[in-house]
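*Asks:* In case you want the letters, here they are:
Protein chains: 2
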Amino acid sequence: MSRSTAGPEIERLIQLLARLPGLGPRSARRAALALVKKKDQLLVPLAGAMTVAAERILTCSTCGNIDTSDPCTICSDPARDTKTIVVVEDVSDLWALERAGAIKARYHVLGGTLSPLDGVGPEDLNIESLVSRCSTGEVAEVILAVNATVDGQTTAHVITDRLTGTPVRVSRLAHGVPVGGELDYLDEGTLAAAIRARTPF
Amino acid sequence: MSRSTAGPEIERLIQLLARLPGLGPRSARRAALALVKKKDQLLVPLAGAMTVAAERILTCSTCGNIDTSDPCTICSDPARDTKTIVVVEDVSDLWALERAGAIKARYHVLGGTLSPLDGVGPEDLNIESLVSRCSTGEVAEVILAVNATVDGQTTAHVITDRLTGTPVRVSRLAHGVPVGGELDYLDEGTLAAAIRARTPF
Chain A
1 MSRSTAGPEI
11 ERLIQLLARL
21 PGLGPRSARR
31 AALALVKKKD
41 QLLVPLAGAM
51 TVAAERILTC
61 STCGNIDTSD
71 PCTICSDPAR
81 DTKTIVVVED
91 VSDLWALERA
101 GAIKARYHVL
111 GGTLSPLDGV
121 GPEDLNIESL
131 VSRCSTGEVA
141 EVILAVNATV
151 DGQTTAHVIT
161 DRLTGTPVRV
171 SRLAHGVPVG
181 GELDYLDEGT
191 LAAAIRARTP
201 F
Chain B
1 MSRSTAGPEI
11 ERLIQLLARL
21 PGLGPRSARR
31 AALALVKKKD
41 QLLVPLAGAM
51 TVAAERILTC
61 STCGNIDTSD
71 PCTICSDPAR
81 DTKTIVVVED
91 VSDLWALERA
101 GAIKARYHVL
111 GGTLSPLDGV
121 GPEDLNIESL
131 VSRCSTGEVA
141 EVILAVNATV
151 DGQTTAHVIT
161 DRLTGTPVRV
171 SRLAHGVPVG
181 GELDYLDEGT
191 LAAAIRARTP
201 F
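Protein chains in written order, with the UniProt record's numbering: chain A, 1 to 201; chain B, 1 to 201.
You may find that some hints are simply not true.
Note: identical chains are not told apart, hence a pair may lie in one copy or across any two.
[Unchecked claim] Computed list of lysine to aspartate or glutamate pairs in EDC-like fashion (alpha-carbon distance at most 20 Å, straight line):
hint	residue 1	residue 2
1	K83	E188
2	K104	E141
3	K104	D70
4	K83	D151
5	K38	E141
6	K104	E89
7	K83	E138
8	K104	E188
9	K104	D124
10	K83	E98
11	K38	E128
12	K38	D187
I should point out that these hints are in silico values taken from the structure, not numbers from a laboratory.
Only chain A is shown next, with the shape it has when bound in the complex:
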């Protein structure tokens, strides 16, 4: 877009929107236009919500979750099982597990996966803080809820190694057929894992 068309304010808004995941230059322009058109319904409230978020959102120093309090709501919830820590790669995975209501335990957010090609080593992830949480004797089980990707599984192995010597039991998510999934659309690896892990009916 030439700068003369809509001025540097819109240009800057588009450039910043284009840096959001899922938005490219074209969709950023569409989003900027929608914002300007719906100024009172969308632009002003969103600017306000972002300002509030920037002022109030913190990273939990215990688990790495994001929240407005530190320790976060989950870490300070007395109704949760304190003996179990679910290890996730990212806050989005924590949110996914919470949406599923899968478990009422505490979490530990690694902040990524080991990826030697991208230069991400063990020191770049929150692994040491996990080891110290597991060394106090309060935690009985660590569930590795990392993605079933090569990087995720490598990370799981490294964490398991690092937790040797602590009193915790390490488990990982089951592999198998997704609920509602059709066998015809599943890859061979998943089907083989589902056969191996078959359960009595």
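For chain A, the structure is supplied; the task is to place chain B on it using the hints.
*Replies:* Only chain B this time, still in chain A's reference frame:
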């Protein structure tokens, strides 16, 4: 997402982001997370850019373009041809023509297309203001740069009717093969139009 996971601030940010075109609930969560993670590089600047845009962006009372001044930069640019008005459906179309550098004329933004099914009638579009701009005698030509859709063409016909009696000449964009386009991928309507409008080589 349960509200207990990340608090109402994040929840509200996600809900507002999900109302942007091109973002759904899942991508809005990803965007919110990216914003919170890149607080200083992205969240704070974007909140600021939105606040500035909300305060300073206006709609040009002459042509309907958005800008920080009224009349807009294009309408007040003395270097532009004042005898020609390019009629577009939306500001995004104006931006597209400006990016292409296709013409240095003035514009008129209709604010949509006629769509009886959606309840959009001629009175909902900026047609009357176009007619009054064309009645002063200063404008010699109106180029209808509306989309080549059924609604766009209907709108073009209605505008042409309304401009009868004003001293302007009405033209429309040429149909044909897009530059760089391959015939094999084009629809029959475009190919037929390109044959009909063939030019000497």
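*Asks:* Next, verify each hint and record whether it holds.
*Replies:* Outcome of the hint check:
Proximity of K83 to E188 under the C-alpha cut-off of 20 Å is found in neither arrangement, the shortest distances being 36 Å within a copy and 67 Å between copies. Within a single copy, K104 and E141 get their C-alpha atoms as close as 13 Å, which meets the 20 Å cut-off; across copies the closest is 69 Å, which misses it. Taking CA atoms no more than 20 Å apart as the test, K104 paired with D70 passes inside one copy only; the shortest distance there is 19 Å, against 57 Å between copies. Taking the closest pair of Cα atoms, K83 and D151 never come within 20 Å of each other, the shortest separation being 27 Å inside a single copy and 63 Å across copies.
When the C-alpha separation of K38 and E141 is checked against a cutoff of 20 Å, the pair qualifies neither within a copy, at 50 Å, nor between copies, at 32 Å. When the C-alpha separation of K104 and E89 is checked against a cutoff of 20 Å, the pair qualifies only within one copy, where the shortest distance is 18 Å, while the shortest distance between copies is 52 Å. Taking the shortest alpha-carbon separations for K83 and E138, only the intra-copy value of 6 Å comes in at or below 20 Å, while the best inter-copy value is 80 Å. When the C-alpha separation of K104 and E188 is checked against a cutoff of 20 Å, the pair qualifies neither within a copy, at 32 Å, nor between copies, at 59 Å.
Taking the shortest alpha-carbon separations for K104 and D124, neither the intra-copy value of 28 Å nor the inter-copy value of 53 Å comes in at or below 20 Å. For the homomeric pair K83 and E98, the shortest alpha-carbon distance inside one copy (17 Å) is at most 20 Å, but the shortest distance between copies (62 Å) is not. For the identical chains of this complex, K38 and E128 are neighbours neither inside a copy (47 Å) nor across copies (23 Å), given an alpha-carbon limit of 20 Å. For a Cα distance limit of 20 Å, the shortest separation of K38 from D187 qualifies neither inside one copy, at 45 Å, nor across copies, at 36 Å.
The structure does not agree with the numbered hints 1, 4, 5, 8, 9, 11 and 12 stated previously, though it agrees with the rest.
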